[in-house]
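> Add chains B, C and D to chain A, keeping to what the hints say.
Protein chains in written order, with the numbering used here: chain A, -10 to 133; chain B, -10 to 133; chain C, -10 to 133; chain D, -10 to 133.
In case anyone wonders, no lab produced these hints; they're calculated from the structure.
Quick caveat: nothing in here was measured; it's all calculated off a predicted structure.
Treat the hints with care, since some could be wrong.
The list treats identical chains as interchangeable, and a pair is accepted whether it falls inside one copy or across any two copies.
Each computed EDC-like pair below joins lysine to aspartate or glutamate, with the alpha-carbon atoms no more than 20 Å apart [stated by the list, open to error]: (1) 71 <-> 28; (2) 71 <-> 32; (3) 43 <-> 92; (4) 61 <-> 112; (5) 119 <-> 46; (6) 43 <-> 112; (7) -5 <-> 75; (8) 61 <-> 75; (9) 120 <-> 46; (10) 43 <-> 68; (11) 114 <-> 59; (12) -5 <-> 77; (13) -5 <-> 127; (14) 71 <-> 92; (15) 43 <-> 28; (16) 119 <-> 77.
Number of protein chains: 4
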Amino acid sequence: MDAVKKVPATHAYTHVVQYYETDAMRVVHHSNYIRWMEECRLDYMAGIGLPYDKMEEQGLIVPVISASCEYKAATRYGETVKITSEMERFDGLRFFLTYCITDPKGSVLHATGRTGHCFLNRDMKPVNVKKSAPAVYEVFQSFK
Amino acid sequence: MDAVKKVPATHAYTHVVQYYETDAMRVVHHSNYIRWMEECRLDYMAGIGLPYDKMEEQGLIVPVISASCEYKAATRYGETVKITSEMERFDGLRFFLTYCITDPKGSVLHATGRTGHCFLNRDMKPVNVKKSAPAVYEVFQSFK
Amino acid sequence: MDAVKKVPATHAYTHVVQYYETDAMRVVHHSNYIRWMEECRLDYMAGIGLPYDKMEEQGLIVPVISASCEYKAATRYGETVKITSEMERFDGLRFFLTYCITDPKGSVLHATGRTGHCFLNRDMKPVNVKKSAPAVYEVFQSFK
Amino acid sequence: MDAVKKVPATHAYTHVVQYYETDAMRVVHHSNYIRWMEECRLDYMAGIGLPYDKMEEQGLIVPVISASCEYKAATRYGETVKITSEMERFDGLRFFLTYCITDPKGSVLHATGRTGHCFLNRDMKPVNVKKSAPAVYEVFQSFK
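This is chain A alone, in the form it adopts within the complex (with noise of 0.2 Å):
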């Protein structure tokens, strides 16, 4: 019997704060950690044999049906940030992620994150993830 290949239950992913992210009060503007979180996601993803890219083409979409961030210290111009992630639940229909942003070394806590996600058809329609994709079902159980 073959065994079940094991994908990892968490994704870390470096991310160098940007000039433009930065607002008026001189720190990163709080949205662009809503699209760090998707930068880690995506990575994670493609990591695992899921590129999104990919997925898109094949007809699957997968779209945010909830997010929210916990602020807790800035970041600033000419710091990076470690986004680390973690599958945190899939029941077939939907699966969450959670989110930590630290500094590079995982001392400064930034934020945390959750996102929550869904899966759809080109008609933006729900589909059954394990008829309509067994593949990308299989990984999503693996992480089990």
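Just chains B, C and D now, kept in the frame of chain A:
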């Protein structure tokens, strides 16, 4: 006895969806809803006598400490959205606003959201708004 | 003989500066002027009967082939800008617009700009707009 | 006599296209190329000993006075771009950089661009960089 001027606890704001706010899913990128909440919030604050540029000039910084959004129905280029904000809570140190993003008639719910805020001085240190900005405190009290 | 309906060769558009458009210099980030030109341009096109969402639905894509901006005086949160656009040239394949970004009264010149555009079909191939979209061609001719 | 340290007149920078940079045409929105030039430019400056956060701390502001971009071939989510920048001219008051945006191998030209910059003090007044920031002046001289 003077009547205390009451400020409205809700505010409605209109935003025309911009093409640059869309993404490759052909809908508005989810991070922009966080920006729309800011647009509505700062318009609201300006309307009740707390224009944010003047607050910053006086050394009162009001950062976002939390933000969340539940996405219900996508928005597209060519649409207009109405963002309705409500003051949920003010405890002297922090305040929280909730948001509803709908079509202009209010018949399609696109998203709901919530943001939390605190008060800082120019050195990004928390301040007691009652002491350091009594006029601002009074406005926040008058929601009740 | 029917008079050809003339469309205005200029358009004025108002934009309220958003806080999220500022950067750590405490002024609007220069990339946003490019976005403001788009806001003005698409509002202009909608006003002359060429709403861009409808054009895309009909398979006519109008990408930006060039963009430039000369920055004269910074803009800040709390300000409103007027963007005036003028149809500079249309040669059947491409068109060019110029822009002036000023304060609402037109007394402070914040920036000038120019964008160039072509016409593509859904496969991102150049099209002869006269043949493939005669109604659009007619509008562009009527500027003259 | 000490040899004057020469700084490289060109710089190459890699950017991974982000999903939030795309628009409803399913390609990267044109305004983001202006931001990519900034990414490349500030990375370049940091590499030759002029990290922009430190320059700002010392009171030297380097705004964009002009920006232009010619778009040649669209970029999409899933792609990586190489931005190559070259110091075109420095006249003591202003400097100009040109940019080439290509695929990583340099075989597909996505865009070319150019930005101009001046030097301001904290009050946003033009400064003579030779007098007010001789170390910065020396770096800019050493391109020649």
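> If you test the structure against every hint from before, which numbers come out violated?
none
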